[in-house]
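This is what each chain is made of:
There are 2 protein chains.
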Amino acid sequence: MAKAPQTAITPTRAEDYPEWYQQVVRAGDLAEPSAVRGCMVIKPWGYALWENMQRVLDRMFKETGHQNAYFPLFIPLSYLEKEAQHVEGFAKECAVVTHHRLEAGPDGKLVPTGKLEEPLVVRPTSETIIGATYAKWVKSYRDLPILINQWANVVRWELRTRMFLRTTEFLWQEGHTAHATRAEAEEETRKMLGVYGKFAQEYMAMPVIRGEKPEGERFPGAVNTYSIEAMMQDRKALQAGTSHFLGQNFSRAQEIKFLSAEGREEFAWTTSWGVSTRLIGGLVMTHSDDDGLVLPPRLAPQHVVILPICRNDEERGPVIEYCNKLRGELATQHYDDGPVRALVDDRDFPRADKKWQQVKRGVPILVEVGPRDIAGDTLMPKRRDEPAGEKKPAISRSQFVAGIGTQLGAMQQSLFDRAFAERQQNTRTITKLDEFEAFFTPASAEKPEIHGGFAVCHFTEGPETHAILAKHKVTIRCVPQNDEPGFEESVSGKCVFTGRETTQRAVFAKAY
Amino acid sequence: MAKAPQTAITPTRAEDYPEWYQQVVRAGDLAEPSAVRGCMVIKPWGYALWENMQRVLDRMFKETGHQNAYFPLFIPLSYLEKEAQHVEGFAKECAVVTHHRLEAGPDGKLVPTGKLEEPLVVRPTSETIIGATYAKWVKSYRDLPILINQWANVVRWELRTRMFLRTTEFLWQEGHTAHATRAEAEEETRKMLGVYGKFAQEYMAMPVIRGEKPEGERFPGAVNTYSIEAMMQDRKALQAGTSHFLGQNFSRAQEIKFLSAEGREEFAWTTSWGVSTRLIGGLVMTHSDDDGLVLPPRLAPQHVVILPICRNDEERGPVIEYCNKLRGELATQHYDDGPVRALVDDRDFPRADKKWQQVKRGVPILVEVGPRDIAGDTLMPKRRDEPAGEKKPAISRSQFVAGIGTQLGAMQQSLFDRAFAERQQNTRTITKLDEFEAFFTPASAEKPEIHGGFAVCHFTEGPETHAILAKHKVTIRCVPQNDEPGFEESVSGKCVFTGRETTQRAVFAKAY
Numbered sequence: 000m001a002k003a004p005q006t007a008i009t010p011t012r013a014e015d016y017p018e019w020y021q022q023v024v025r026a027g028d029l030a031e032p033s034a035v036r037g038c039m040v041i042k043p044w045g046y047a048l049w050e051n052m053q054r055v056l057d058r059m060f061k062e063t064g065h066q067n068a069y070f071p072l073f074i075p076l077s078y079l080e081k082e083a084q085h086v087e088g089f090a091k092e093c094a095v096v097t098h099h100r101l102e103a104g105p106d107g108k109l110v111p112t113g114k115l116e117e118p119l120v121v122r123p124t125s126e127t128i129i130g131a132t133y134a135k136w137v138k139s140y141r142d143l144p145i146l147i148n149q150w151a152n153v154v155r156w157e158l159r160t161r162m163f164l165r166t167t168e169f170l171w172q173e174g175h176t177a178h179a180t181r182a183e184a185e186e187e188t189r190k191m192l193g194v195y196g197k198f199a200q201e202y203m204a205m206p207v208i209r210g211e212k213p214e215g216e217r218f219p220g221a222v223n224t225y226s227i228e229a230m231m232q233d234r235k236a237l238q239a240g241t242s243h244f245l246g247q248n249f250s251r252a253q254e255i256k257f258l259s260a261e262g263r264e265e266f267a268w269t270t271s272w273g274v275s276t277r278l279i280g281g282l283v284m285t286h287s288d289d290d291g292l293v294l295p296p297r298l299a300p301q302h303v304v305i306l307p308i309c310r311n312d313e314e315r316g317p318v319i320e321y322c323n324k325l326r327g328e329l330a331t332q333h334y335d336d337g338p339v340r341a342l343v344d345d346r347d348f349p350r351a352d353k354k355w356q357q358v359k360r361g362v363p364i365l366v367e368v369g370p371r372d373i374a375g376d377t378l379m380p381k382r383r384d385e386p387a388g389e390k391k392p393a394i395s396r397s398q399f400v401a402g403i404g405t406q407l408g409a410m411q412q413s414l415f416d417r418a419f420a421e422r423q424q425n426t427r428t429i430t431k432l433d434e435f436e437a438f439f440t441p442a443s444a445e446k447p448e449i450h451g452g453f454a455v456c457h458f459t460e461g462p463e464t465h466a467i468l469a470k471h472k473v474t475i476r477c478v479p480q481n482d483e484p485g486f487e488e489s490v491s492g493k494c495v496f497t498g499r500e501t502t503q504r505a506v507f508a509k510a511y
Numbered sequence: 000m001a002k003a004p005q006t007a008i009t010p011t012r013a014e015d016y017p018e019w020y021q022q023v024v025r026a027g028d029l030a031e032p033s034a035v036r037g038c039m040v041i042k043p044w045g046y047a048l049w050e051n052m053q054r055v056l057d058r059m060f061k062e063t064g065h066q067n068a069y070f071p072l073f074i075p076l077s078y079l080e081k082e083a084q085h086v087e088g089f090a091k092e093c094a095v096v097t098h099h100r101l102e103a104g105p106d107g108k109l110v111p112t113g114k115l116e117e118p119l120v121v122r123p124t125s126e127t128i129i130g131a132t133y134a135k136w137v138k139s140y141r142d143l144p145i146l147i148n149q150w151a152n153v154v155r156w157e158l159r160t161r162m163f164l165r166t167t168e169f170l171w172q173e174g175h176t177a178h179a180t181r182a183e184a185e186e187e188t189r190k191m192l193g194v195y196g197k198f199a200q201e202y203m204a205m206p207v208i209r210g211e212k213p214e215g216e217r218f219p220g221a222v223n224t225y226s227i228e229a230m231m232q233d234r235k236a237l238q239a240g241t242s243h244f245l246g247q248n249f250s251r252a253q254e255i256k257f258l259s260a261e262g263r264e265e266f267a268w269t270t271s272w273g274v275s276t277r278l279i280g281g282l283v284m285t286h287s288d289d290d291g292l293v294l295p296p297r298l299a300p301q302h303v304v305i306l307p308i309c310r311n312d313e314e315r316g317p318v319i320e321y322c323n324k325l326r327g328e329l330a331t332q333h334y335d336d337g338p339v340r341a342l343v344d345d346r347d348f349p350r351a352d353k354k355w356q357q358v359k360r361g362v363p364i365l366v367e368v369g370p371r372d373i374a375g376d377t378l379m380p381k382r383r384d385e386p387a388g389e390k391k392p393a394i395s396r397s398q399f400v401a402g403i404g405t406q407l408g409a410m411q412q413s414l415f416d417r418a419f420a421e422r423q424q425n426t427r428t429i430t431k432l433d434e435f436e437a438f439f440t441p442a443s444a445e446k447p448e449i450h451g452g453f454a455v456c457h458f459t460e461g462p463e464t465h466a467i468l469a470k471h472k473v474t475i476r477c478v479p480q481n482d483e484p485g486f487e488e489s490v491s492g493k494c495v496f497t498g499r500e501t502t503q504r505a506v507f508a509k510a511y
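Protein sequences appear in the order of chains A and B.
Under numbering that gives the first Met the number 0, the first residue of the first sequence carries the number 0, and numbering increases by one thereafter.
Under numbering that gives the first Met the number 0, the first residue of the second sequence carries the number 0, and numbering increases by one thereafter.
In short, the hints are calculated from the structure, not lab data.
Any given hint could be a false lead.
Because identical chains share one entry, a pair is satisfied inside a single copy or across any pair of copies.
[To be verified] Using 25 angstroms as the maximum straight-line C-alpha spacing, the simulated DSS-like pairs for lysine-lysine come out as follows:
no., residue 1, residue 2
1, Lys-61, Lys-324
2, Lys-324, Lys-391
3, Lys-135, Lys-359
4, Lys-359, Lys-61
5, Lys-353, Lys-138
Given these sequences and hints, build the entire structure.
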């Protein structure tokens, strides 16, 4: 049998982080590029991960009073034009449907015919089409709030795409709510940011900072945009979810009006919030290693994969029987919100190939079972987050089964702790400009992407600030909320870029 | 308070069945038309019904070994062209994306720019794009079968649309499988037809006939198409789901080739199968009445709605408390695969309005609770499928709670039985042409749609047969499978249209 390679993924993170990412996604059976520009195929293993994310998020949305609905894929051009900033933000990346038929042309090739009177835009986001519907639904204050979420596909014609992180078509959820008061809408915006933060940290094991975006980074048409920001292993930031307070901008554009309890006609206050399959990219870049994907147990499609070892047909019968029995026992155990998910991988492929495939797929716990293990009724389970070479003593089958929930819980916690420690290690409070510039200057020309990480600085916005940020390709990620550790109190200091006194502090980073 | 109207839906079924349908869909809060041609907005109540359908179907797909995945929304024109019959079948109704940007034109209005080199078709179905991916995945017989399902939106530019039954965009699932042998693919095709039949009958309480489509009614590119056919209350047929055996047509077009165990290069055998939001239209037209929607309990978003009756604020406290307690007790009871779903409708709207709304939404059981009910600790629950005027004696709260599962189960069965009896009553075995023609001739000019129902006839295909069918706007719905009651044995007879001897029998009907 061929010797297993030292690392499953070529290149390693240190060699070429962006390429490592693409290879982990492919080798981990998450997705692959399609023939359609910028669109990917989400493979069954990747989609099962997304289904688990959806299930948890959907439950969280419903627990906070939201219902799902579905609105059209197509948006009439005239709708998009109603909110000036909004259309400006999306016009450059819209897929436009102009015809509704195909006919054979002179050369026999099909050409589009049946030109539409008004072109239709494939939704890049649905504020306008949903707002038009809410305008019909809302008449009185009694009709508010409207708390709706939609699971959908959206299309943004991005120039550069990268699987999960930025694709032409992606899957997401978009919440759209309408309220009678400003305070209620603002509360909703922050509440959903909180839901995203909780999901990222407790399910994805991905530490995030919740905060407000600076003016230039707001959603087109929003009054305020809030985001959760995570640090990837290359120390760049990933915006992993956003929640927007839209004020009355969209309700004015779309005439979402209601009669208040006092009998006055008022415009509703709206919000929107979304997370997408981009989260999967964040999950990959937070936990994976040079052997491939590492999945947090709460979201992993399978918790345990059992690999039968049998050298011949004679051994096969009892080994498979033992494996299936073990699988059944594991399935009687509980972890998180349901039974432990275990699978016997008895496909007709070489064992080493299967093992490496399951490692690269990030299965939390792998157990190989051969005649010797059966004889002793002991197992040597391998936790995906522990060093590959580490040898642990064998444990009895019953011990393994009884302790499976604890192991999975420990792995979930350990992934979070490790990512959190890494972020802390690469986050620095910076008060001086030269230190800021050094922090974001690449270590070497060969590794242009390696830099310090997150910088926490006092700042004021203005041309000087933005010129320095542009020079280093650094952005203001967010002004952390005052319930983020270290940001509870307002602290005065000097703006790193201008020297002006300010209480405003933000997280600065290079970003995806 | 205004007197409640005699019927909630105007017009009644007898007055105008097609218009009654539209009104039931709207009054039942399932969906409403959108500003986008032929596209609808699926409202929260309608979407919750779809989610319940999805949940059950998804479980059935997974139990039969399928996994979910996701493929691109857009199909390059060149892909669609690869299978000649396929493209011919869909070319007339394709939404085509031709541009990827919007820019202000001379008059300041936005116009599409950034013309694509190759137009993209918004998927009307995904055989071609998925086949292209399978061609990459399949190398050896070991890679087969591939058993994948996708939940997605698709677009078909239909000329005439009707909510749920035929919309430009609709939601569906499409299964796409590839197999090493013809026999295995044929078995898959029939297995999934069986899943659809089981779902329709056991969950939707909608009796269906499973059978094979005649040649002219096959899916474009398929070797055989199978369908489930249901009779609506206007006696017309609704094709509610289809399963296609695609032979090697698509694998040849897309080059899905594999090396067999014997080392030969072979083309895979593929299938596809789908059901869509059209099922909701079928559900509406099977069970609803002149008061609106009637939902089968297994799929209803809520099983029980509790309506508090309180004339003043003093009464309100204890009534709401009692209602909430009742709701909690109901939620401890089980029905089908989970706890009973109960809701207290304490919205700030007049009680009569709320009651009618819940009736029109088809909630299986409504319970009004006022001070008098509380005093006696007795309730008068109203089952949606029982005649509106029927008075039943009050029952104790504990009796109601303990019996809720039984009541829901009884309602589910009763809906099926009633629909089945109605279908039987309006299905006739016909052996003579004049009887066939009379059966399908409208009863009167005012009601052009009223006719006999389903006719079971011996037939042979050919110009005479099709001319008579076209004249009466009747179609061959399907040749029932030999496990359909009455079709177990091959029976000889004369073709109703040509007099030729044949053993072939089919179900004939007017259809949606």
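These are the hints, each one checked on the structure:
1. Lys-61 <-> Lys-324: between (37 angstroms within a copy, 21 angstroms between copies)
2. Lys-324 <-> Lys-391: within (23 angstroms within a copy, 53 angstroms between copies)
3. Lys-135 <-> Lys-359: For Lys-135 and Lys-359, only the inter-copy Cα distance (20 angstroms) is at most 25 angstroms; the intra-copy one is 50 angstroms.
4. Lys-359 <-> Lys-61: Only across copies: Lys-359 and Lys-61 sit 24 angstroms apart there, 34 angstroms inside one copy, limit 25 angstroms.
5. Lys-353 <-> Lys-138: between (60 angstroms within a copy, 17 angstroms between copies)
Violated hints for the displayed structure: none, as all numbered hints are satisfied.
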